[in-house]
Amino acid sequence: MPVITLTTDFGLSDHYVGAMKGVILSVCLGARIVDITHGVTPYEISEAAFALAQSWRYFPPKTVHVVVVDPGVGSQRRAIAASVGGHYFVAPDNGVLSMVLTESGARVRTITNQKYFRHPVSQTFHGRDIFASVAGHLAAGVSFAKLGPAVADYARLSITQPVRTARRGWTGAVLKIDRFGNIITNFAITDFAQIEKQSFDCSIGLRVIDRLAKSYAEMSTGEAYVIAGSSGFLEISVNRGSAAKILGVGVGAPIELRLL
Amino acid sequence: MPVITLTTDFGLSDHYVGAMKGVILSVCLGARIVDITHGVTPYEISEAAFALAQSWRYFPPKTVHVVVVDPGVGSQRRAIAASVGGHYFVAPDNGVLSMVLTESGARVRTITNQKYFRHPVSQTFHGRDIFASVAGHLAAGVSFAKLGPAVADYARLSITQPVRTARRGWTGAVLKIDRFGNIITNFAITDFAQIEKQSFDCSIGLRVIDRLAKSYAEMSTGEAYVIAGSSGFLEISVNRGSAAKILGVGVGAPIELRLL
Amino acid sequence: MPVITLTTDFGLSDHYVGAMKGVILSVCLGARIVDITHGVTPYEISEAAFALAQSWRYFPPKTVHVVVVDPGVGSQRRAIAASVGGHYFVAPDNGVLSMVLTESGARVRTITNQKYFRHPVSQTFHGRDIFASVAGHLAAGVSFAKLGPAVADYARLSITQPVRTARRGWTGAVLKIDRFGNIITNFAITDFAQIEKQSFDCSIGLRVIDRLAKSYAEMSTGEAYVIAGSSGFLEISVNRGSAAKILGVGVGAPIELRLL
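Residue numbers (our numbering), protein chains in the order written: chain A, 105 to 364; chain B, 105 to 364; chain C, 105 to 364.
Calculated from the structure, these hints are not laboratory results.
Note that the Cβ used here is the ideal one computed from N, Cα and C, for glycine as well.
You may find that some hints are simply not true.
The following label-pair restraints were derived from C-beta to C-beta distances [said to hold, decoys possible]:
hint : chain 1 : residue 1 : chain 2 : residue 2 : range
1    : A       : Arg311    : C       : Lys166    : 57 to 65 Å
2    : B       : Gly134    : C       : Ser187    : 25 to 33 Å
3    : B       : Glu327    : C       : Val255    : 44 to 52 Å
According to the in silico footprint, chain B covers these stretches of chain A (three or more CB under 8 Å from chain B) [to be verified]:
hint : segment
4    : 140-154
5    : 319-325
Just need the whole structure built from these sequences, with the hints factored in.
See below:
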């Protein structure tokens, strides 16, 4: 009962996702297809990388994860497949797997074996003719090694990490704004666990936040708090409100964290 | 071949729904996951309660229905599971199951057995770490009784019923506006079947509607009609137009029905 | 392992799609349900016809495709089923299957056998009570011939074809704008293959486009190009931009193609 996940910027109103699913089922009738999201902002590779990084490890071993955010479709950019932690990944070689390929033991191959493509291959829709088809074959039991030669020079996004700017100060950034307006930062909870025990201030937009909450419900109405998010990163949230709107920040905005 | 349905306010652009599905499949690889909707307005418990009420009974027996609209996540609010009419339900104890728990024979338990959680449990995403995981275990055959002790004091939404305000007059309310602008009222068709045979007027917004239609197609263009909706309630509709926009009403707006 | 696809204008925020899926699984527990799209503009039959035409053939044989864009629900319009190329189709008889029924060997029946309906049948939601239920029965192995009598007078949309307006000139139209703003025309690639080898100009909106690209990546920024799309039609695209917005055109807009 192989599982295949899909993460794309195709949206849900066109036929693209449906065509991909048809190809997958034609190659591997038993595949169980799960959407991570098709709502990635068009061409936003790092947004897709984050969505994938936040979900792949919850799936069972041998799941095949397909990611198609692919502004370079039809150009010389390569297609790659990866084997990481017992899961498989299929994507354009544009950095969209960056947050997965930092895992130890990651193995990467370029997908060159056209035997596993759907033909003829459209130059504008490799999601259907290459990625869905190859994922179906992997799910059906084709060996990872058959897809093409191993490579080490795959594309990597520079994943923003907080930078130390003082003995007890760091500059980080906003990784993601979610549907609720929660601001997901790039401060990993495990790296900044001490804020649970000591005073801090966190400057973002024009505001300084110095309170930590354990849950949304304990936040005073309308006030922004730092909270240990489900993403593994510190988040900034407002109970039943959009922290992003209240603070007026978006993805990439800088954040200063200072331990007092 | 267990079936699990999902109803949340998570939207489809973030990774939250994908992470829940991964957890479910990791617990119960054979589960077949069906989305009811993830488009519930954030925090709108009664909207989710309605979506669930309108769909659960069409599914096969033993289906596990997961509902996560959960503004109190991480607080003292309990998690509950219910067994109703041969189906199972898993949700926060905030009233979101109210329209299901009015069924006769409903049995409710608090979910306290942490054996069925995913650990560590995030304080902001019980959808992933508690509800999806528990649903997976139920689907995999774990007995309902093992989840925790039976309770009777679960939260109930006050579900608005029409109130009799005259010998032949009632005041009701708008339950739901759907994508097409149909206005779903809280007048149950079975309680007001007589409008098929006698004159009535129905005041809503600034308008009085006194015509009943059997189908959209028989409605004159641009005119609002009362119609026996697929929801089991009287609805107010405009053929190929939005009754809600034309009448300028939203959820909760009052409706006066008078039999003449 | 039967596959059923769904194409509707129900959107994803209401309970309608969930109710249909419940009915399908109650009739055919083993069905694997795949969404093509539920984002068809309300009542836009030709938009649904296009989405279906672009995806059905990628699915495995015996797939049952359900299409519900049904402004005439509850009226005298018939329900039909079709058998085309080894696939089955279930839809209202309003032309929504037009692009499929042009295939050779298409056989069509009216669905009159109420044994395969869910009862009682709502007059506003045949998607749930007729189409989903009939699709479930087909997927479960009910013979196509049992649904009702064969018909030949089913509704047909007039599918716009380019019209020859000069010895080397044609007037066509915009079939579809996709999420990325790509303009899908009704010029079939196979009919106009010569533009790969000779000069042309293509007038659309207030612009004349005379360049052909093989991929998005080779397009100069901000410039519109003609490209052989994955849809089988010539498309007009802008690399990382919306051709539809830049050219100010929508579905139905005329296009003049001239071979020089």
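Structure-based check of each hint:
1. Arg311/A / Lys166/C: 57 to 65 Å: 59 Å, holds
2. Gly134/B / Ser187/C: 25 to 33 Å: 31 Å, holds
3. Glu327/B / Val255/C: 44 to 52 Å: 33 Å, violated
4. 140-154: holds (count 6)
5. 319-325: Our answer is that it holds, as 4 residues pass the Cβ test (under 8 Å) against chain B, meeting three.
The structure fails hint 3 only (numbered hints given earlier).
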